[in-house]
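Student: Reassemble the complex: the two chains are provided individually, in unrelated frames, and hints are given to aid placement.
Chain by chain, the residues run as shown.
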Amino acid sequence: MLRPVSDDVQEALRAELERFVEAVATVADADALYELQVQFIGKKGSVSKLRGQMGKLAPEDRKAFGMAFNEVKQQIDAGLERRKQELAEADRQADLGRIEDLTMVPGVSQTGSVHPITRTRRELARVFRGLGFDVVDGPHIEHELYNFDKLNIPANHPARDMQDTFFVDGRDGTAGTDANLVLRTHTSPVQIRTMLQRPPPVRVVAMGTVFRKDDDRTHSPMFHQIEGLCVDKNVTMADLKATLYRFVSAFFGSDLKVRLRPSFFPFVEPGAEFDMECPFCPRDEQGNKQSGCSVCKGSEWIELGGSGMVHPKVLDACGIDPEVYTGWAFGFGIDRMATLLHGVPDLRLLFDGDVRFLEQFRC
Amino acid sequence: MLISRQWIESMLAEGPVLTDETFADAITSLGLEVEGITRHGDGLVDVVVARVDKIAPHPDADKLRLVDIFDGQREITVVCGAPNVPEPGGKVAFARSGAVLPGDFVIGARKIRGVQSEGMLCGEDELGLGNDGSGIMILPDAWEPGTPLPDLVPGIRDTIFELGITPNRPDALGHVGVARDLGVKLQRAFSLPGVELAEAPSLPDLVTLEQPKRCGRYIGRALEGARVGPSPLWLSVRLHRLELRSINNVVDITNYVLMMWGQPLHVFDRSKLAEGRVVVRLATAGEPMTTLDDAKLELTAEDLVIADAKRPAALAGVMGGADSGVEPGASTLLLEAAWFVPGGVRSSARRHQLATDSSYRFERGVDYGARLTAAAATAEALLVELAGASCIGGVDVAGEPPAAPSIVLRHACVQRVLGMAIPTEEARRVLTGLEVQIDGSDADAQWTCVVPTHRPDLVREEDLIEELMRHYGLDRLPDTPSVPTEPPGLRVTEGQRQTDELARLEDGLLDAMRAEGLHEALSFAFCDPSELEPFGDWQQVNVSNPLRAQLSVMRTHMLPGLLRGLANNLAKHGRAVALCEMGRVYSWSFPKDAGRIDRALVASEATAEIDAQLPQERRRACFLVCGGTRGAQSFDGQSEARRVLAVLSRVGLAATVRPANPMQTWLHPGVQAAVAVGGEQVGVVGEVHPDVLRRFEIPEGIRAHYAEIWVDALGHGDVARYAALPNFPATSRDLSLEIPIHVPAAVAIEALSAAEAAAPHTADGPRLRPGDTGADAVEVVDDYRGKGVPDGCRALLLRLHYRAADRSVTDDEVQALHDVVLSNALQTLASVAPGVRAR
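Protein chains in written order, with numbering that gives the first Met the number 0: chain A, 0 to 362; chain B, 0 to 838.
Hints in this document: simulated from the structure, not taken from any laboratory. By construction, the Cβ of each residue, glycine as well, lies at the ideal position given by its N, Cα and C atoms. Be aware that a few hints might be false.
Said to hold, decoys possible - Each pair of labels, with its calculated beta carbon distance range:
{"id": "1", "chain 1": "B", "residue 1": "ASP443", "chain 2": "A", "residue 2": "ASP254", "range": "19 to 27 Å"}
{"id": "2", "chain 1": "A", "residue 1": "GLY129", "chain 2": "B", "residue 2": "SER9", "range": "47 to 55 Å"}
{"id": "3", "chain 1": "A", "residue 1": "ASN233", "chain 2": "B", "residue 2": "LEU191", "range": "37 to 45 Å"}
{"id": "4", "chain 1": "A", "residue 1": "GLY129", "chain 2": "B", "residue 2": "ALA723", "range": "55 to 63 Å"}
{"id": "5", "chain 1": "A", "residue 1": "ARG282", "chain 2": "B", "residue 2": "ARG427", "range": "40 to 48 Å"}
{"id": "6", "chain 1": "A", "residue 1": "GLY129", "chain 2": "B", "residue 2": "ALA762", "range": "53 to 61 Å"}
{"id": "7", "chain 1": "A", "residue 1": "SER298", "chain 2": "B", "residue 2": "ILE246", "range": "36 to 44 Å"}
{"id": "8", "chain 1": "B", "residue 1": "ASP478", "chain 2": "A", "residue 2": "ASN287", "range": "17 to 25 Å"}
Chain B with its partners taken away, still in its complex shape (with noise of 0.2 Å):
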């Protein structure tokens, strides 16, 4: 919303001279933020009133002419190219020499094409007046060469504000709502013109309102005998300034009216209204209308339109239609000021995409009391003096308008809320500054007030405080330190603890991520659905209404937000990523394996219900490793099995890496292995697959890594507890296997280690346990490829350590327990991974 300084002030009582921007700040202290502030017209004061005396064509060019004027302090030849220079005593705008124009463009005086010129003859165009760049101003006869232009049109030299109206003020998307409020303010007295509507015969057949529920009243006010032309020079430069085009003149009256009091106004060519008469009613559904703008609708039974007797003329509070519309030419004329219920009009903008000024105040509610008929009056009075129209007469038809509420405000309660009292006549200032009726003496803990028609958010005691406190000024709020009435942290909700323990968790995984080298990104939460093809079908979470198709629908994998981050990366520097996340995937139904339901955010009864509605979320921690082009630096499956046990390890959790099952189409079919902690699957780790890194344009070659941990799967670590430390040294075996290369060495151990398990024990004899170097109870040595193994087959070489508890173990008992476990352990893996043997 703009708002020209000049204009408040031509309503506002002489006040101390304010620079704009303290002006500016009173009026965002108001909650009227002012975005912007822009100066208009101060070169311009060297423009003044010139009459033309003489035209000669120019001797050297076609297209220039010689203008002798007066500026009305001597004569002066100018070079001129407009081609609608007036006959002599027509008058002209002439810029001075000095004058200085909008883009700093300095006025001198030049030889053109060997003529001397000094000054300029201007258009509105170049004097930022209008738009017209079609030839130079014509001044009405009347005015006297030599007065500055801005002397006769004072909204020439003029500040205007750019404000942020919010939705609950639409009395201030207009000048006097926002004079009104700066008024109380600044302390300086608001006066308007006469606002009633002239007397004129009453023609109620002029307007049938059939929908009282939807309009809550509506003006209509015949004319005659206008003659549609350009607006005078003050109007079109005001409306100009406040970035509207001047059309022509009654079209500028409404969009004045509408920039004054906020109200919009509509004017139908009465001839082309069928029976000459609107009425107010609903469309039928499928009926059509086209509007000022060409577009073609299909009205629904729910629309409200201003109908002639056939046909809609006006989708109501919208737009107007394409036939009943004011062109030149037009002599009788319908004025409509009217007050439509804000949600329909709202619903019918939305329904046919259709914003316009109009439907934007009708939507925040306009005024259906004194200021609409305030607006209805002064449009009126400008079509008579502006257009030379005069009133036949008119109608103001009552429907069933909002009932203006009455509200209590206790003084007690200024202080509940705002914590500081206002004094009571400083309060009363205020409120009837505002318009608002105030039945109580100052004596009384609380008053009756009633509010004004304009002011539709105040409907409420709260409403009326926020009042006192915009006018009374937040500034005054004293320092109470906040004291909750129960120490925080007395009552420990299960809701809380879940959340802070999973908090703990979180930042403790992206701790450990960053302690392993990897660099934290965050990437979108939604992605394009041809990154989540590869995943296979997981019940995706789609956006109606995406910024673009590549953010289309909610991730339902953390990989591709990575995999993006990877591409940038390589093609801005390729060198080496290590990236990771911590995020959330949604979907509208999990698959089983995929980490269990989360815990803290469906954890309450009282929401349990909505809960159900909602799609799924997990929370995910992942990372993403990648040499790079530059080979710095290079990952392998190996290396990010370590780093995500590392990972868990840092919080508490002793994780074991094991073969993939199922395995994930997305990684690479050699490479990847779940991630488990106490037998349960919490992520998996692998090589991203080649087919995966092409469809997000990384260069053939580079191999990607990647890890995603299901945090909503992970129970929190147990406690340590104390075993007795190994007192006696263990002794080991080593075992040489020849195992095909695709069964994983954790398939042999697992046999190795449940054999051990389920053999024959005595009470103190040797068991399989961590070495005396610390190693694990069954340990990878070697892993040989090459001459002497078979194709296919590589040679395991483990080492197996055995200790008992309180005592040295003999060479022939671990013997015979090591015998037992190997070839029960060769039996179990001939079943699971046929192939593997001992050496």
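Bound-form chain A, shown alone (with noise of 0.2 Å):
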């Protein structure tokens, strides 16, 4: 026998060769894998230690020996590389045979929601804004000068009838007629405000919460109103309406037309009160209207608020030449657009903060 050695070693080699293909069939995952590495292939592994025995050979086996090992070598590695691949592609299986029913969507939503009056104040904001208007506001708690005689409506006279007003104690006790305090009953003292504090050209609308005292199914003792005012050189009651009718149009998003009445406002002169083409009447297809609808009580138009030229006086009060320049002024019912917007039936809905009427109003 002259290469019983290297032959032995050989045998060795294939044993353990078939040794490994038999476990890594087996093995079941990554960690199990790393350690038949080990046990063949690591430092202290089978295979590696037969390699350690080429010394004891005879120098011309040495070739064939090492032709050999690297050959097992060379397999146990692809063994475990193809072993590993087939235990990724098990994994990735697994892991897309998983099943979840998406369609159980938790019961209640987490979103919360916008009141429909601050999201009808919000899109007024956009709309004016697009137009070129500052949005500004005041105080609530207004003194009398601001709510009433700056905007030509005396003391002692039968247009501050028109509004119900609620009248604030003074800072002492005073009772409110002397302290000539009132909670605002229209956003009109910031017109007062506004064309106080800065000079022509003035573009602003004003909105906010304002008070009267007034309270069943139409009304509510607080509400809220939205005013514009413009004034500059040039200003005209034919831009007024222009610009209403472009307010509306934009706000509504469809060619909606306005309608002037002519009617009273101590603040204003000429005055008149404003309508809408109603929105919401059903229309045939090249968007022509067909009849009346609920909201309009059958009318086609909606009746929004009141608007006209400011008073000369109102100007003069503020420091604005009424010669020089001209202003107009408009105010509406935020409340009365958003129901309309909505159709929320009734104000009180509103003000009592039932969750199921303001959940309904999360878009």
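Tutor: Given below as structure tokens:
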């Protein structure tokens, strides 16, 4: 026997390879595979150990052994790699086998809601900012000078009866009428503040809470108004109408006409109420109105609010020369706009905080 | 104001036939808004005059009678229960079979207790012509049987328009004013019967005018031989249609003139006036007077009265006195037609809380000129005709009426205000039609106009422009887009910048709360004083004249409004509630710690003087959550602290929650904290105190959590600055602290952070920094209570993360720093929170 050692070692190599092939097939995860790798070809692995016997071989056998060793090593490497791929694929398949029922959405949504009045306010602000108006505000508790006198509603004048006023006691407990303080009855005092604070040209809208001593199905003692004011050279009733038309069309997103009717508000002259074409009436495919609807009660028009040319006395009271400047103003209720827009039947729903009502306005 | 179409039409020349709706549109287009249209009497064409021929008892009923009548066509037997059927020959109102009475009551033939009855003898209430339900209508003997009632009294068939008259149009508070305006609009000529007072002897002693400044004119007419009695049907029907009750002929005549001319008149029983004369004077302070409706007044020296030689007989322009009223039997009368200063009448009416048809008109301003004369003349003529009176003399005393202004109307100014020109001839037609006298030709650039005395609202050029606009029509306005002389946004004022910034902040907070699952509610800004009791003295702002006590004080806190909302929800459905609100709170003086002064509202010197007199208003963003009564959801203090931090984080503000100081008495003492940004408190969060919940009738055992953010105290979020990314791993140390339950974790964390900040550091050494997982530099890992920890204490497991900016740190240097931090922190804690120790 000239080459017994070499043959034995080669035999051992083959045996290890067979043992490996058998073992690798049963490996179930990456950790076990790594253990197997250590067991056979790690530093102290069974195959690695056989390589250490090379030194004992006759030099002429060493080449053949080296080749055999490399082949076994490569086969083991390849086996490990193949098994690794198989395991990864099995994992992937297992992962893809997972099933979750996405139709079972949890019942209660986590999103809150924004009050319809706030929504409407924001939309109004967006439209008027687009038309070049600043949005301004003022205090809720006002001095009669701004809420009435400077608006050409003098004391002891029946025009004050147009608005049922809440008075506020003075700092030292003075009764309301003597303290000259009121809960603002309209957003118009903000007109006065604005004109006192900035010289023309003025283009602003004021929005906010106002108060009147009134409480029934269609009136709430607290409600919300928007007021627009434009003071500049060459401002006319015609561009008041044109601005209202552009606002209404932009707000409702369709071409809606505006109608003015003469009326009286002490701080404008001439004064007019303004109506808009009803945006809710059914229309045919060409967009032509077919009939009236329940919102406009068949009239095809919806009354919105008051408007007019700023009274020269009001301009005067704010230090603006009415011979140089003219102005217009308009105002209307935001709550009514909101109830129209969202189809809310009763004003009281707006203020009693029922979550079943509020959550209807998530977007 | 109710207006009879039939009456209006009688003053206008014939014109095209208009439907009621078109007629109403024309009135509305003048600025006299039609708010309601009611058609009357169409079913009454089959109600005719009938003659009573025979009356017999009903065979089967004591209270009924069989009345044979002649209705102009045939004899008919009618069963009638009325007590006042006239003797044969008398005339009554008979509804033929087929007539439709008010209430859609169709008259037919029917058997009444076995007797066939066809048609019905009617009372005025049944016909809708009056309120008297005591019997059937007795008609004048002269009326022919068979004549339909509406033919004899045209006012029976009429359309009544309800008009909303604005305070500037006192002239439209009578039919003449409306007809005048409408005549110009519809281009129909307007005509009136004679309106001059009859000649009569002068009686200068009848009226003494002591206050010419308060009474611009006083016409007094003395009449004799008047017989107070019922009014004729045409008069009572006219008043009834206008919803005025027929009293007697004298009172009805003054009401009729009121409705016709808009001019309040008064009639005294002259025999009850001391010396039979009146004095227009001021009352003396404390002088007593009893009004027609028996109110006892204590007059002041500012009240203008119409007195007789001794005592007040009427509060001028407001109401007559009880003693001098015209009652049945009166025969000598004093008719008053006067003009009183509007402000004076208004003051008296308000002072004595009397609002009458008369004061309503005087306050707005009636005519002191031609229409006052016309009203007196109309009334007198009717007193003569209907009450048989005769005038024995009168006097017309002039006081100091306002001067009729003369107004320059520049045609260019019409264009300047309206943005459209109105043809000169049209302008002339309109103004002339409205009785404005024009001095100027069509070629002139401007006219000088004298306005009629019945239009006190016309005082300046713009007023005349409005008249032209009303009649020419607003529909003719061109579409002229508004072009600013200066592009918007060119000047940004500091005030506007702040307003915009605040609006963005409020929008951001609201959107954040919405994203956090909260539903925005709006509650009233006023509340019940008792609802504010839990909050202590906040110098509340009181409403002087609240609608009801529950709304009598301006809120100083937002919580009551949200709690009312919660109570409402629980009572209705019991579901979980998550409400939020953006709103203002009000106080004469807010405590120092409640957010700094409102920035945007007190921004300008121009309004500073007024602003200083106003209470303070602060903005709040707040929310209230409650799991409801069904147990579907639950919240706790920690979940809400997280929520309030999340809300602030969404508007770019890094907030912290720290121990409440001072404690809020209206929150649960063990479940509350302060919310701070950059070291300054900006809000609170916690569980609502159970005593407060009880006050709002929230069921026992229900908990609610509340947070509020003081919006005015918030700065805007700083612009984020880049910091170098951590390139080297952090090293952490765990620390178990045994601390009393009432000591917040934040106290321990703050002590550790402060100790670390104060510890000696090398330039590149380890510092307390967020950990590799992104956790806080001092992270709370566990909060353990129970076995192994003494009662009243808990074991807080904290993890402290250390790292250096640009190198790896060694265990030794971290340990060295940690030891210093721990010992210094424990030393601090020993003084602020005794009982804390390391485990």
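Student: Does each hint hold? Answer for all of them.
Tutor: Against the structure, the hints:
{"no.": "1", "hint": "ASP443/B / ASP254/A: 19 to 27 Å", "result": "violated, 42 Å"}
{"no.": "2", "hint": "GLY129/A / SER9/B: 47 to 55 Å", "result": "holds, 54 Å"}
{"no.": "3", "hint": "ASN233/A / LEU191/B: 37 to 45 Å", "result": "holds, 43 Å"}
{"no.": "4", "hint": "GLY129/A / ALA723/B: 55 to 63 Å", "result": "violated, 43 Å"}
{"no.": "5", "hint": "ARG282/A / ARG427/B: 40 to 48 Å", "result": "holds, 44 Å"}
{"no.": "6", "hint": "GLY129/A / ALA762/B: 53 to 61 Å", "result": "holds, 55 Å"}
{"no.": "7", "hint": "SER298/A / ILE246/B: 36 to 44 Å", "result": "holds, 39 Å"}
{"no.": "8", "hint": "ASP478/B / ASN287/A: 17 to 25 Å", "result": "holds, 20 Å"}
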